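Asker: Chain B: place on chain A using the hints.
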Amino acid sequence: MDKKILEISDLKKKYNSKFCLDVNNLYAEKGKILTIIGPNGSGKSTLIRLINLLERPDEGKIYFNSHEITNGEVSQTEVRKKMAVVFQEPLLFNTSVYTNIIMGLRIRKIKLSGIKDRIDYFTGKLKITDLLNRSTKNLSGGEKQRVSLARALVLDPELLLLDEPLANIDQSSRESLREDLFGVLRGYGKSVVYVTHDRNEAMMLADNIAVMDRGKILQFAGKEEIFRKPVNEFIARFVGVETLVDGVILERKGNVCKVGVTARKSNIEVSVVSQERRGTRVTLAIRPEDVILYSTEISSKESSAMNLFKGKITEIRDIGIFKRIEIDCGFPLSSFVTQNSVNRLKLALGKEITAAVKASSIHMFKR
Amino acid sequence: MEIIWQGIKQAIILIFTGNREVYEILFLTLRVSGSAVFFSILLGIPVGVLVGLNKFPLKKFIIAVINTGMGLPPVAAGLIVTLFIWRSGMLGFLKLMYTPTAMVIAQVLIASPIIAGITLAAVQQIDPKLRQQVLSLGANRFQVYWILIREARLPALAAVMAGFGGIISEVGAVIMVGGNIKGETRVLTTATVQMVRMGNFDMAIALVVILLAITFGVNFLLTLVQQKEGIGWIRRF
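The listed protein sequences correspond, in order, to chains A and B.
Just so we're aligned: 238 in numbering that gives the first Met the number 0 is position 239 of the first sequence, and the numbers increase by one with no gaps anywhere.
Just so we're aligned: 178 in numbering that gives the first Met the number 0 is position 179 of the second sequence, and the numbers increase by one with no gaps anywhere.
There are no misleading hints in this set.
Chain A side only, calculated, beta carbon under 10 Å to chain B, not exhaustive:
1) L52
2) R79
3) M82
4) R107
Label-pair restraints from in silico Cβ distances:
5) A:S112 / B:G33: 36 to 42 Å
6) A:Y187 / B:K54: 37 to 43 Å
7) B:E183 / A:S112: 51 to 57 Å
8) B:G33 / A:S171: 50 to 56 Å
9) A:K126 / B:G33: 47 to 53 Å
10) A:E28 / B:K59: 45 to 51 Å
11) A:N23 / B:R140: 31 to 37 Å
12) A:R185 / B:K54: 40 to 46 Å
13) A:E232 / B:K54: 41 to 47 Å
14) A:Q170 / B:K59: 41 to 47 Å
15) B:Q123 / A:R227: 50 to 56 Å
16) B:R140 / A:Y120: 29 to 35 Å
17) A:N64 / B:K59: 39 to 45 Å
Since the hints were made in silico from the structure, they are not lab data.
None of the values given here were measured: they were computed from a predicted structure.
Note that the Cβ used here is the ideal one computed from N, Cα and C, for glycine as well.
Here chain A stands alone, though its shape is the one from the complex (with noise of 0.2 Å):
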């Protein structure tokens, strides 16, 4: 049995003055969840609607369950009621809650007697069991969102399709809404396509992830190697590097390559994991969770795959749970250190440091 439930291949389809859907090959694998992630205007949507058959491609081809279905040959009705779709705005009708969580249920003919505790089991999960006598009028707009989730739940499509659920709810709401949600698709085992522009909800809830920029895949991969290996610049930034610097190979032994980085006062050497050439031109790029920092000498023979930088601090921020630090070693390097850590090396601006970076740690891709 094919493992993909939804294959795209050379699709393309102009969606606005500017830029072009260009999908030449995305997948999505059954029981799994694919978020697409990109930034607004990236053409996530109408893919969304493409898959949907809401919009024709002008050129390319979609396969449902390894038939075709952008041939005109199957039916559109027949072919959406195996899906479902939660778009950004709720989009609910003028009536009880109710009635609009059995509106997919109504249209596709599925007998309500049968699924009463598919119905329960969604309105509870998302906590809207109180609302289904309310109108839809005088919901709030997260409310709203977990009734147009709970109406696409509970058809029990063989793929559900959701294009950033969360974008237009506001802050407050949001976090206790992506909670729930995410508490759902987890243990929901269906096949998922979720898009988002926020990275966050993409590492937290995917299974592959496809990163899409001016209506082109970028990178479709793994969570685990988008995360790790980046192929771009673009994708890095994405997923959360902050440092990214130019180098050239030096020398390769075994499966370290030595990288020579052009740095404000001297050529700085640094230990790369990976297999590329010598000469090659490269960036690397290096996660501040990476980052370790001692306040104390440390010897570089501690280990043959460290990295050992010597720098300043010139900069220490509040994320959050965090602090970011940045040191100046030649070229900006960010750190993410906790408060504790703060304190116990006393960190402060100006202050000498070192950082160690594992070879393994740093990525690189080629320019």
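Answerer: The following block gives chain B in isolation, referenced to the frame of chain A:
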């Protein structure tokens, strides 16, 4: 002033003593305008929905025609119908001239563009995204129309009120195609004209009071329905 009070008193007497002529006129009026509204809804709402929700060539032209129809003077409607059903007209063989059926046809011609026009505007007001949502729930074409017209039910009811108001109060068309024949095609408006001409003001006032009462009653009922939360969403479709 005296004559008005006298008239209202007379009207009340006429209404509550069961004056046969008054009741005949009342029932015929309700029958004619009721049927006309019924057929106008049947015609106007689907036309409004189809034109409002679909893209097709000449759409703007069709909308302009409907909008013109909304302001169609009753005498014009009467004349058009007369030309068709006149003895030598295209439908002359049906012998509809001076019958209640002819009056219904003329009134449908007046009310259906009003209902179509308001419905059209109402469904165009609906967020296009809501339509996509309905489609993505798996709705076929018919279900989409049905759900969206129910979403626009409040303005649609206003359309029905406007249509009803337009025809129950008009006199030009019904007098032309109906002929105001006593006991056969005489309705409240034409009877009022007749009574005024004859100087029978008591009767005229009585008829107008009844006319106003009906108009108020029907609109009051529809308003109640319109203003009630969530009504109109019948569970089945």
